[in-house]
Amino acid sequence: MKSGKFWAWVVFIVGAAYFFIPLMATVEFSLRMRRGVHSFDAYQIVLGDARFQSTFLYSVIAAVFTIVLGILVVVPAAYWIRLRLPQLRPIVEFITLLPLVIPAIVIVFGYIRMYGSNSPLPFLASNMGANALLVIGYATLALPYMYRAVDTGLRTIDVRTLTEAAQILGAGWSTIITRVILPNVLIAVLSGAFLTFAIVIGEFTMASLLNRPAFGPYLQNIGANRAYEPAALAIIAFAITWGCMSLIQILSRFAPKSANRPN
Amino acid sequence: MAEPFLSIQHVRKSYGSNTVVQDFSLDVEPGEFVSFLGPSGCGKTTVLRMVAGFEEPSAGRIFVAGKDITRLKPNQRNVGMVFQAYALFPNLTVAQNIAFGLKVAGMPKADADRRVAEMLEMIKLPQMADRYPYQLSGGQQQRIALARAIAPKPKLLLLDEPLSALDAKVRVSLREEIRSIQKKLGITTIFVTHDQEEALSISDRIAVMYGGKAEQVATPFEIYNRPATKFVANFVGTLNVLEGKVTDAASGKVQVNTQEVELKGKLNGSKSGDTLALALRPEAISLGRQPGRDSSLSGEISEVHFLGSVIRVRVGIGNNTVSLDTFNNSATPPPAVGEKAEISFSSGDMLVLH
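Chains as they are written, first to last, in our numbering: chain A, 1 to 263; chain B, 1001 to 1354.
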């Protein structure tokens, strides 16, 4: 037993070092902007930059829209496949995996050709259209994560019986999805939402090629032209990610209690 | 005769070439408690699900209070249902679960709250209103499921093996409670079960099902004492089946092994020389000659099992074996294996199985 505990600690320390040493090195480097002393100059410059604020806000809004679109598409689809079309599951799983196999650059070039200003659906002819196309593209990129998260959530409840119980009590489909299914897979949906947020905040290819003022292209631009600011930005992005995780933990405490989450 | 409240008319259900329910018909009177009893795969749940609207019949019609509901969606039928797996909404409290159907129907909150309180009183769980389903035992969850099904005052109550996930003691008390609530509310009820004791103890009538058909629809007393088919006789209760040969159809004489019994008026349609399956319930048989029992057969005791208050004895009569229980009497030693024995019964208790 004692030897097992010893090796467990060794593995833990090695793992923690693997994650934390590069992080600490980045933090340390980001504080070296002023010669000879540690300072937050790099952070001040980054946070004070108007482009940082605008691109970050743009990406946050895009992430929120992407999450809403993802939920609207994935929750009913995953639910219906579990309830009525289980034979389609392997096909749908394969389709949802495609964004992992097809590079974003291929998707975005396809979009540019399909939805250019001369096409029958000229999304790219206006700013709003391009923004909508970016959100649709992000929802596609996040599909593998969102679908799996929701599908795993649905696996933990008896979808068919709960649906039938609600139906026999007079509920229609919208009531069943919003009042019975969604609240019971809320934690899974939140996990999918978090992953979507993380993807959207750092995404570069789509935003850059669709010429959108998003956070990803800004990060790339700073990284290419400055020394200390990219390190500060990396730490800020890391803090945002951790902030999101904490937020989900807090939100999940307020989520409806279920048999699957007893406390 | 009054119009039936629920009328299932020549209903059939097929999945591809597999027919699971074939030409099932049943009329249920208002306030009646009818059980569908049968082994797994006999089609009882499929019929119930067709009444609920979860399955569409391949043929036939279903009427409730004279209205054809065959093509109505489940949420348009005003039917209550209790599922085997409880099916309480895990994200809602007990009170919210019971109020679900009322809210969907658009009942004002004050009225819904009153109805929920009334339902909680009825199932004797008023203190559980704010609990979540995971905080309740199986029996409590099923009581809540019953209250939830009844709260919107459905025309018909469907119970799909609601007791089978519960332990034996809770099962008995809950089935009595279900029956008492059903009687009090006078709600027409269909109860699906594979447990014959459950069906016999609480039903007004039982439909014994096998192979997608109703073998017999009758009162529990009739089902047990006058089974219409061999399947019903075998499925309901314990039965000793003996092989007999008709020796004189006119006078009702049948030979069992080498011995003769007289079954007056029971050999309708049988001819001399026909082989028949005869059945006797264990409680209709006594060991030794008893007054008032007009028939007897002789054999040899093949097994004796001491079960405390009763002794189970098996008697071999040629190729047939008859099982019977006798009360344990401390003054009399139990019979011994290998002893010659005579069993007596009333010829009226002997069933001829078709």
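Source of the hints: derived by calculation from the structure; they are not laboratory data. Be aware that one or more of the hints could be misleading.
[Stated by the list, open to error] Just so you have them, the derived chain B footprint on chain A, three or more residues with Cβ under 8 Å:
hint : stretch
1    : 149-163
2    : 169-176
[What the hints assert, rightly or not] Just a sample of chain A residues kept apart from chain B, beta carbon distances all over 10 Å, derived:
hint : residue
3    : W9
4    : V180
5    : N184
Ideal Cβ placement from N, Cα and C applies to all residues, glycine included.
Status of each hint after checking the structure:
| no. | hint | result |
| --- | --- | --- |
| 1 | 149-163 | holds (count 4) |
| 2 | 169-176 | holds (count 5) |
| 3 | W9 | 36 Å, holds |
| 4 | V180 | 6 Å, violated |
| 5 | N184 | 5 Å, violated |
Hint compliance for this structure: hints 4 and 5 are broken, all remaining hints hold.
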